[in-house]
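Mind docking chain B on chain A? Use the hints.
Number of protein chains: 2
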Amino acid sequence: MNKDWMGKYSGSSSLGLRPSSTEQVSQILAYCSLRRLALVPQGGNTGLVGGSVPVFDEVVLNMSAMNKILSFDEVSGVLVCQAGCILQTLEEHVSQRGYIMPLDLGAKGSCHIGGNLSTNAGGLRLLRYGSLHGSVLGVEAVLPDGTVLDLLRQLRKDNTGYDLKQLFIGSEGTLGVITAVAIQCAPKPASVQLAFLSCPSFAAVQQVLRHAKQSLGEILSAVEFLDQESMAMATQYLPGVSNPLAQAGPDAAQQQQQGGGGEQGGPFYMVVETQGSHAGHDKEKLEGFLEAVMADGSVADGTLAESQAQAAAIWRVREGITESLVRRGAVYKYDLSMPTHKMYELVQLVRQQVAHLPGVKAVGYGHVGDGNLHLNVSSPSGYSDELEQLLEPFVYEWTAQQSGSISAEHGIGLMKAPVLGYSKSSEAVNLMQRLKVLMDPHQILNPYKVLPGVEHMGRVEMYDDR
Amino acid sequence: MNKDWMGKYSGSSSLGLRPSSTEQVSQILAYCSLRRLALVPQGGNTGLVGGSVPVFDEVVLNMSAMNKILSFDEVSGVLVCQAGCILQTLEEHVSQRGYIMPLDLGAKGSCHIGGNLSTNAGGLRLLRYGSLHGSVLGVEAVLPDGTVLDLLRQLRKDNTGYDLKQLFIGSEGTLGVITAVAIQCAPKPASVQLAFLSCPSFAAVQQVLRHAKQSLGEILSAVEFLDQESMAMATQYLPGVSNPLAQAGPDAAQQQQQGGGGEQGGPFYMVVETQGSHAGHDKEKLEGFLEAVMADGSVADGTLAESQAQAAAIWRVREGITESLVRRGAVYKYDLSMPTHKMYELVQLVRQQVAHLPGVKAVGYGHVGDGNLHLNVSSPSGYSDELEQLLEPFVYEWTAQQSGSISAEHGIGLMKAPVLGYSKSSEAVNLMQRLKVLMDPHQILNPYKVLPGVEHMGRVEMYDDR
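Chain order of the listed sequences is A and B.
Each residue of the first sequence is one higher than the last, beginning at 1 in UniProt numbering.
Each residue of the second sequence is one higher than the last, beginning at 1 in UniProt numbering.
Because the hints were derived from the structure by calculation, they are not lab data.
Hints may contain errors.
Just so you know, same-sequence chains aren't split out, so a pair can sit in one copy or run between any two.
Claimed, not checked - Taking lysine to any residue and the SDA-like style, the derived pairs with C-alpha atoms no more than 25 Å apart in a straight line are:
{"no.": "1", "residue 1": "K213", "residue 2": "A190"}
{"no.": "2", "residue 1": "K188", "residue 2": "Q88"}
{"no.": "3", "residue 1": "K213", "residue 2": "G138"}
{"no.": "4", "residue 1": "K361", "residue 2": "A330"}
Just chain A, with the same shape it has in the complex:
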């Protein structure tokens, strides 16, 4: 409970509590508030920015026993469940009833829905089903003083006062502890099509994205990209993972072995997924799309998943990159959003920055359909000040210059609290700090996270006197 799964962050808490009801969460928070004891809520502990592990000796509030599904309405598609439910369990539950969850991410096998909301998780379906700020209908949360806030409505529309539930979506457990969730699920698509493509350049990747939006319209559900270096990581470090195009066509395999071609260090790979209600229509749209991208040369090679197993193998490559990098060693992770045409320029700049360091590799992949780049720098010899200084604040400054976000979907956590200012003005940070003081006056909830220097605001009592 003291370490994150990457082994990058660790605290020294000696107390973990595992409540099984909202009432217990309320009692714990009321007690901790009175005694000025700090807590860190912990869901599946799959975060990437150190948001869910203690920094010092905070009490760990483990949410895994609050894993009940409370209701599912098969007419409206609204799921109500406790915060500790695992995303994949929920996906299976609603899938049997003709629906899918509006979000999907690599960590689905262990992440909690409460953690997903707290971090405003994005993931693979955001392009189609939008952000959790839109798809979450209700929340039950416990405030730091133990007050239970019942906002667990199941209504699509409810304009009765301030939309308080939004405060808990994306605030990373610093304003309250989410204990239950009502979420709008989407009808399960009758037809899911998946294409894996290779593109000679990042310009071609953007061209494919434009074609996909045009030809696939309302059935487009994901447009992902990975570069050659990401592919190499996944195939080298994950057992049983291979390049889907290496099986499909000798050209692609050859190209891969040669280290690719295009002027920007290609080839690049793309995953394009559609979800629709009519297989015949969907396939016809996909054929039109593939014809267009083949005809103008933006796609060099491609394959369509013919079975669930093939689809899973394709997704395994894309979703496995994070894991492969962790297996290789230390990873500096940057999760950025910016205008699409700028995305890969940064990967190349960073690659130049670290070129002289043996074994250090920069890889670029992510949700290109949402303008979201995952830039990862792998260092088998571990974390080092030298490497970090080559990367930061360079990456943040460059992103800020493009009016980008220094955290598209991973959140701020402990890792990025000091650099929040690259994406938010001082007026905005000031209002965030005032909100934090309003809702958590004794600063007991997930301290040191999200906000820079909130401990200097004057209302903090230290809790190491317990």
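Below, chain B without anything else, positioned relative to chain A:
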């Protein structure tokens, strides 16, 4: 500026200001904050709950001069504009560039986008494009003390700290004044299909909704209903408006003249719209849908719009109901959301309540696809205590019993501030009040609106000493 368009609410302000820049808004708010002068921000003044007119002598902040479109990105579809832009002007602007606005409502010819955000307007496209909490990417707002909060990002994903822009969406100008907006537009559909249907009962209406979700899937963009009494209002009080089925088929016209049939006071009418990227596919899906609803008897008669003019005539009926009711006289308006199967029961109960009052009529219509009922009670002889006491708190209590919302999309404004408690717990209202005090400590911004009795919280200085 002192009256709302329905003539229901009026104040006695003697000062209206019309800023043309964010800087001017900031100066006005800073001055008013210092002098403890109250203000009411006013957009198109098309609201239905008295939220945008002064109650006493508040300064009116007219936003109509802030009507510049700042940018439109034809690749990403992100529009950035000032808050005083009229929705229809924006729709025309993005339409010429291959996009549509993610919201559409009857008042589009005069409502402002800033007002749309402040009231979290729902409207006709919510079913397809979701709420503004999802589609708004950025906001610029001025806080009551004059601080300009620049949250005007154009990114689909940005998890850097608390999502402060959400505070201004739906808070009805009580926490800050929205001065500019960045909003994600949707690709303009290549094909829009519109069906106008009649159903023998409200059970049939629900059956049609189920079929529409199944057969039309991802292209479904609106499912609206109106009852026979709503149709009678629109056709009687709006010049040139007629029942689209009266032209299309003699059966429907006859049925209408006979005052309808079904066991629940039918016929009911429905508007079903699709928006898709492929006319051939969309028409095929629509044919499948129409076959299914004709076959099982849930639709008695129907017509498809064959031209833009016919589509406009159909929408005129649905969108004109509000206007026709105002032409008839006083209107008690209820904008409720609740489980779909409960919606029409309430209309019938209210009809019984007022049956003995001559000329008083209850009509039901709304966004059935979102569980949103507009229940309107028309009283040609004006507002009366007797009638009001028949309706309230009955309507609110009944709605609360169904775990519904007493304001699905219209907001709270002045009208519903005293009854907020029917939809929100005391803990939630308390947190709202504390947020209000945090952000507007002198209570200068849109006082008396949204929150019940915030003036009793102790930090209010009265401003009638100016």
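Taking the hints in turn, this is what the structure says about them:
1. In this assembly of identical chains, the alpha carbons of K213 and A190 lie at most 25 Å apart whether taken from the same copy (20 Å) or from different copies (12 Å).
2. For the identical chains of this complex, K188 and Q88 are intra-copy neighbours only, at 15 Å inside a copy versus 34 Å across copies, given an alpha-carbon limit of 25 Å.
3. In the homo-oligomer, the alpha carbons of K213 and G138 lie at most 25 Å apart only across protomers (23 Å), although the nearest pairing inside one protomer, at 31 Å, exceeds that limit.
4. When the C-alpha separation of K361 and A330 is checked against a cutoff of 25 Å, the pair qualifies only within one copy, where the shortest distance is 11 Å, while the shortest distance between copies is 71 Å.
Of the numbered hints listed earlier, not one is contradicted by the structure.
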